[in-house]
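Peer 1: Here the protein sequences line up with chains A and B, keeping their order. Taking my numbering, the leading residue of the first sequence gets 1, the next gets one more, and so forth. Taking my numbering, the leading residue of the second sequence gets 1, the next gets one more, and so forth.
Hints were generated in silico from the structure; no laboratory data involved. Don't take every hint at face value.
[What the hints assert, rightly or not] Derived CB-CB ranges, DEER-like: (1) PRO151(A) with ALA2(B): 33 to 39 angstroms; (2) GLN135(B) with THR148(A): 26 to 32 angstroms; (3) GLN135(B) with GLY20(A): 17 to 23 angstroms; (4) MET45(A) with GLU51(B): 18 to 24 angstroms.
[Unchecked claim] EDC-like cross-link-like pairs, simulated, lysine to aspartate or glutamate; straight-line CA separation at most 16 angstroms: (5) LYS216(A) with ASP164(A); (6) LYS216(A) with ASP153(A); (7) LYS29(B) with GLU67(A); (8) LYS58(A) with GLU27(B); (9) LYS135(A) with ASP153(A); (10) LYS137(A) with ASP153(A); (11) LYS19(A) with ASP52(A); (12) LYS216(A) with GLU259(A); (13) LYS19(A) with GLU51(B); (14) LYS127(A) with GLU203(A); (15) LYS199(A) with ASP164(A); (16) LYS58(A) with ASP32(B).
All values derive from a computational prediction rather than experimental measurement. We put the CB at the ideal spot given by N, CA and C, even for glycine.
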Amino acid sequence: MSNSKQTPVPQYLLERLAKGELPQAQADAIRSRLELEPGGVAKAMQEIAESDDAVFTKHPAHLVANEIRRRANTKALPARPRPFLYPALALGALGALALVALAPKSTTRTLNTGDLGTETIGIKGSKPHLVVYRKRKGAPQRLSLNDTVHPGDVLQVAYVVPPDPSGKAAPFGIIFSIDAAKAVTMHLPIESTTAPPLKTNGENRLPNAYELDASKGFESFWLVTSATPFDPRDAATALSSGEPLPAGTSSFHITFIKELP
Amino acid sequence: MALDIENLYRQFGPMVVRRCRRLLKEEGKALDAMHDTFVEMLRRQDTLDNEAPAALLLKAATNVCLNRLRSSKRHPEHDSDPDMVLLSDISGIGERSDNETQSLGRRILSRLFADTSESTQLIAVLHYVDRLTLQEVAAEVGLSVSGVRKRLRTLKERLPAEVAARLSSAEVQ
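Next comes chain B alone, as it looks inside the complex (with noise of 0.2 angstroms):
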């Protein structure tokens, strides 16, 4: 059946709104993401999973504005930020030129949808930016704390010492 686009905005557009407000602070460009995470779901129906759509909706959201944040240019306006300097130490993973950091945003480019695991860019977002704890981060994306916290350390590893040392003060407990 296709996906009724207009009932799924009555469902979720306002969650979806707020959430690429959240994460891009300009009303102009969240309301563009949102439109493209609508998109995304109507490019990909034929895969959802519609047990959890708020939480599938949050998630595309996320990395669609994770995308623009990689592609845009840095604000200066938005230093002051800490939200946005994180999301965009985040989202500057994948432009790295490290192999292994890079085939992480690389990732996340072509998993808007994935059929398996969640991208540690996503985990980082909601435990660094949302301020979610490793356990409610660790339900959210289907792994075991003790994954999530792998895979977060890992990331800290591979990154300059200046941004591990940003999102360690962000650290949630």
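Looking at chain A on its own, in the form it has when it is part of the complex (with noise of 0.2 angstroms):
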């Protein structure tokens, strides 16, 4: 930093230092900076009060807050209709988003997932997690988390759950998927609409592999859990709407990378 002297002090770091968000070191650094510049730290302090005074008398909170609310829900409907392919969570009253939200991607297919091998790994980590594969010749290949993954790769979902150490009952739980275009797969259970216990004997497979559709952007992985049963329509559609996700559940996501080839 050895032009610091001569350089005012950027805005985003002021916007920290105010925030008294930065190490001491460097908030030191940045006000001595200041100090050179006229008016000093008082002066730019005071421009940013000033300034959050005049935002919050032309956008007050309580207005700024229901329209961001709105906009989460209105934000949550997928920017192209899916065709209804899982008649089993007709919704009824959880309405039209729910119902978007839980329709499978015509454009996903379910695999038969015999060839991707049925071996058991053991648990990793001390709290329920996805790992998925995508099959490829050989010996399938584990993804980790920001993989960049194609349109027609094949993926096996599967799930660890730990069991408890006190000896409490499996947790239930769901799996579902969603992509750039705010499009819900759900994955686990297929037509169901209660949430089923999950098997704390390693790593379980899910029944079918799925095949990539062609849309792009990415395609995130959920595993929400629950000590007791719970609707999956619940926590598909709190996701989708940009609300929490039911009282007493837990979530595990891993997203990749979907990009054209």
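Dock the two chains into a complex; use the hints.
Peer 2: Shown next as structure tokens:
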């Protein structure tokens, strides 16, 4: 930072300074730089405070918060309609939002998973999580967070739920994926309105593998668990609408970048 | 616990507004981007890191604004604004046909609240537009200075010469 004394303090760092988030040494250094500018630290902070007041005057918190919530609900709808192929989850009172969210993507094919092998891998980690494999020649490839996937890739999803050390019953859970268009595909359960109990005997692969469709952006797989049975629609709807997941549930997700060839 | 979005706005809303104004230059677009930044916070609340919410919001707002710039038409009146030219260059990286730069663009779309690495575009904005030094950028994104330098060098190598030159001219020492 040899030129720092000649360079105005970036607004980005001023904001961080004002919120008290900068490490002490960096904060001290920036205050020193500010003291070389007209008005020093006091003027910079005063300007931020005045700007804050002006924003709140024009855009009161309660109105902005309402608009944010409205958008969170509105934007949960996918950009394009998806054929409804999930009649067992006709949603009734939950309305169109959940209906669209739970409709499996017509372009995602489920495939028999036999050729991906059936070996059981030991429990890793202490919390419920997902493991996703990509089918390829030879052994399946285990995917990591933010790996790149492509349309046509065949993915096998598995879950791992460690047994509770205190002997509590196995949790209930659902698995679904969501893509960049906010379209949700339910992978577990397939045809039920109740989250099934999960197995705690290591890695449990779902009965079907999934071929990715041609949409681009990302594909994120979610595992939602709870000690008590719950309705999969509630969790999927919550995610789609930006609301908190149902009380008592925990979640894990893993996201892959989906690119066109 | 559910995210109290009104309280979050009370704490950080004006900061996000200023960030969006700085990057988008137009009040209407800035307010729109501010709202969507908080929408993303609601959507990702289960994965939020509460240790540095201002930094998180600033980065999220930056990414929202980059997405807006990428999807909007270029305004001729912005051609006289060096920052807007740079932002247009940076936001357009994802639209290039080159596979690797396309990958960068896609990644920023899907990593608004990524669990791991910061995007090269965010690094580019912080360094070339916000004028943070390499050291300051490194501190913000959790990389080493050499790591930041390498990201930016690689980025420039993949860009057309005139764009790379514009970025170089905005270099902060």
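Peer 1: It remains to establish, for every hint, whether it holds in the given structure.
Peer 2: Okay, the hints, checked on the actual structure:
Distance hint check for PRO151(A) and ALA2(B): the Cβ-Cβ separation is about 36 angstroms, which falls inside the suggested range of 33 to 39 angstroms. Between GLN135(B) and THR148(A), the C-beta spacing of about 31 angstroms keeps the proposed range 26 to 32 angstroms intact. About 20 angstroms separates the C-beta atoms of GLN135(B) and GLY20(A), a value consistent with the hinted range of 17 to 23 angstroms. Between MET45(A) and GLU51(B) the Cβ separation comes to about 22 angstroms, which falls inside the hinted range of 18 to 24 angstroms.
Between LYS216(A) and ASP164(A) the CA atoms are separated by roughly 38 angstroms; this puts the pair beyond 16 angstroms, and the hint is violated. Our distance criterion of 16 angstroms between C-alpha atoms is met by LYS216(A) and ASP153(A), whose separation comes to about 13 angstroms. The hinted pair formed by LYS29(B) and GLU67(A) meets the criterion: a straight-line CA distance of about 15 angstroms does not exceed 16 angstroms. Straight-line distance between C-alpha atoms of LYS58(A) and GLU27(B) comes to about 12 angstroms, which keeps the hinted pair within the 16 angstroms bound.
At roughly 7 angstroms between alpha-carbon atoms, LYS135(A) and ASP153(A) fall within 16 angstroms of each other, so this suggested pair holds. Distance hint between LYS137(A) and ASP153(A) is fulfilled; the C-alpha atoms sit about 12 angstroms from each other, no more than 16 angstroms. Between LYS19(A) and ASP52(A) the CA atoms are separated by roughly 12 angstroms; this keeps the pair inside 16 angstroms, and the hint holds. Distance check on the hinted pair: LYS216(A) and GLU259(A) sit about 6 angstroms apart at the alpha-carbon level, within 16 angstroms; holds.
Distance check on the hinted pair: LYS19(A) and GLU51(B) sit about 12 angstroms apart at the alpha-carbon level, within 16 angstroms; holds. For the given pair, LYS127(A) sits about 13 angstroms from GLU203(A) by alpha-carbon distance, which is consistent with the 16 angstroms threshold. With a CA separation close to 11 angstroms, the supplied pair LYS199(A) and ASP164(A) stays within the 16 angstroms bound. In summary, the hint linking LYS58(A) to ASP32(B) is supported, as the alpha carbons are separated by about 14 angstroms, within the 16 angstroms threshold.
In this structure, only the earlier hint numbered 5 is contradicted, and the remaining ones agree with it.
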